[in-house]
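Participant: The residues making up each chain are set out below.
4 protein chains.
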Amino acid sequence: MPKHKYIGVIGAGECDPELGMLAEAVGRGIAEAGAILVCGGMGGVMEAACRGAKVAGGTTIGILPGQDRSRANECVDFAIATGINEARNLAIIRTADSLVAVGGSYGTLSEIGFALKAGKKVVGLRTWDIKGIVPARTAEEAVRLAAE
Amino acid sequence: MPKHKYIGVIGAGECDPELGMLAEAVGRGIAEAGAILVCGGMGGVMEAACRGAKVAGGTTIGILPGQDRSRANECVDFAIATGINEARNLAIIRTADSLVAVGGSYGTLSEIGFALKAGKKVVGLRTWDIKGIVPARTAEEAVRLAAE
Amino acid sequence: MPKHKYIGVIGAGECDPELGMLAEAVGRGIAEAGAILVCGGMGGVMEAACRGAKVAGGTTIGILPGQDRSRANECVDFAIATGINEARNLAIIRTADSLVAVGGSYGTLSEIGFALKAGKKVVGLRTWDIKGIVPARTAEEAVRLAAE
Amino acid sequence: MPKHKYIGVIGAGECDPELGMLAEAVGRGIAEAGAILVCGGMGGVMEAACRGAKVAGGTTIGILPGQDRSRANECVDFAIATGINEARNLAIIRTADSLVAVGGSYGTLSEIGFALKAGKKVVGLRTWDIKGIVPARTAEEAVRLAAE
Chain A
35 MPKHKYIGVI GAGECDPELG MLAEAVGRGI AEAGAILVCG GMGGVMEAAC
85 RGAKVAGGTT IGILPGQDRS RANECVDFAI ATGINEARNL AIIRTADSLV
135 AVGGSYGTLS EIGFALKAGK KVVGLRTWDI KGIVPARTAE EAVRLAAE
Chain B
35 MPKHKYIGVI GAGECDPELG MLAEAVGRGI AEAGAILVCG GMGGVMEAAC
85 RGAKVAGGTT IGILPGQDRS RANECVDFAI ATGINEARNL AIIRTADSLV
135 AVGGSYGTLS EIGFALKAGK KVVGLRTWDI KGIVPARTAE EAVRLAAE
Chain C
35 MPKHKYIGVI GAGECDPELG MLAEAVGRGI AEAGAILVCG GMGGVMEAAC
85 RGAKVAGGTT IGILPGQDRS RANECVDFAI ATGINEARNL AIIRTADSLV
135 AVGGSYGTLS EIGFALKAGK KVVGLRTWDI KGIVPARTAE EAVRLAAE
Chain D
35 MPKHKYIGVI GAGECDPELG MLAEAVGRGI AEAGAILVCG GMGGVMEAAC
85 RGAKVAGGTT IGILPGQDRS RANECVDFAI ATGINEARNL AIIRTADSLV
135 AVGGSYGTLS EIGFALKAGK KVVGLRTWDI KGIVPARTAE EAVRLAAE
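Chains as they are written, first to last, in the working numbering: chain A, 35 to 182; chain B, 35 to 182; chain C, 35 to 182; chain D, 35 to 182.
Mixed in with the good hints, there may be bad ones.
Pairs involving identical chains hold if they fit within one copy or between any two copies, as the list cannot separate such chains.
[Said to hold, decoys possible] List time: in silico DSSO-like cross-link candidates among lysine-lysine, alpha-carbon distance up to 27 Å: (1) Lys88 to Lys165; (2) Lys88 to Lys151; (3) Lys165 to Lys151; (4) Lys154 to Lys88; (5) Lys165 to Lys37; (6) Lys39 to Lys88; (7) Lys155 to Lys37; (8) Lys39 to Lys151; (9) Lys165 to Lys155.
These aren't lab readings, by the way, just hints derived from the structure by calculation. Bear in mind that the values here come from a model prediction, so they are computed numbers and not experimental data.
Produce the complete structure using the sequences and hints provided.
Facilitator: In structure tokens:
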């Protein structure tokens, strides 16, 4: 198995343009760092991050909630259809070596909690202020911290 | 199907005696309110809450992470062996009508996030300070708020 | 935790009246044997078995595919909303000490395979002819074999 | 998202050399057909199939039962750590467009049942004789039928 690092991106399935640009820059940075991007494969932050990774020639994996692989966003290279709904969030956390949380509401909070419990590094960009998150100010800094 | 209310209790699998007494009082209150207690069925806060419910003549359901029903704590009346590890936390949230979070670390934070995302009322006792949690000062108040 | 035996009933979510009567007799037998009935909590064979158990004063647990506890059939005493769709079938198998398969198509075949893999006894009534299933001719015989 | 076909390979985690050679030929055929191989990512039939796909320059995805991505066999390109144990079998079925069952015992039977329930084509090589499986005599024939 190739020894790539897997970096997860977590965030809401809908987002405003500003957060989308941030997520896209995170995705681009992950690809430029030679890591594989893992996410939930749907819209919003997930789609923007995947787009950034693809623009930079990277590889993206989407772990979907539903039963239909074709529901992945257009920038997912490899889609997994789990059919277990939000329980797939835990598979994203377990698959990633480290994570970047971009914005996000309660779903992202849930993922952050689970990631910190699992001992994964979580870098935060405009997200919850939770003890244990490594804060970053820019997408570049977030990726650098996550890729360390 | 009987129309009982299901109140979930979430919290760590290990806890100090003080938090254990608080959890036990919550369990007792849930039983006295005529509700069914739902939890993860393991030790710590979960076991203390179940003990309180049984002392007061209540009914307890434990949704276990592992594959073996016999691993439930002694005060679980009905145990479900899911075999899906922490993903079972989501089944606890979905099954409960409302929840009381007692103390807790990152695992509980993850459950709180998921519960708030699912639109369930979460009452907090010495737990995370997250917008959306309804804070309570005593076990009695917590149960009253959760049972409303 | 009370030391009841848990007997699972697996079968399709829709069934003809004849198979329904057979499932109802199985449920009645499980209750009369003092065991708890575990099933998927939906319609067809599951509902008929639960009805039989309730008529005989037994206790029924329904482990549901969806996110909403209220979707359980009327004869489920305790409903678990897993939200993981068919993956909940595995929780039924793991929770039961032994199982009775009543009729059934591919979904039931999948459960039979998983139960036999998990080393659980599976008693079959008008179901798949798979090596490892203990065949029974009547509901009474099926319950007797499952309760042994 | 690239429009590759995903072909799943299901079979036991341990296998004799003869079945291993058959699985390897299936994997090779999947790669030569330009499809992506999806499997459980562990040993036995899964490992042999992945090896065959890699020899032929193909791409392999392993959807693992455990929490640790590094437990995938050496020939998995992209590994998903689900942490939901055998419930991950359902994600393999849902992700694949069609499947080849190679040998196999009860675990494979369970996957076959679920795949047929989900309406996926299942091609069988020395596996269970279940109505609905499309039988094949050689690895080449199996892949041809699965790729149609």
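Participant: What hints, given by number in increasing order, does this structure fail?
Facilitator: Going through the list in order, the structure violates hints 1, 2, 5 and respects the others.
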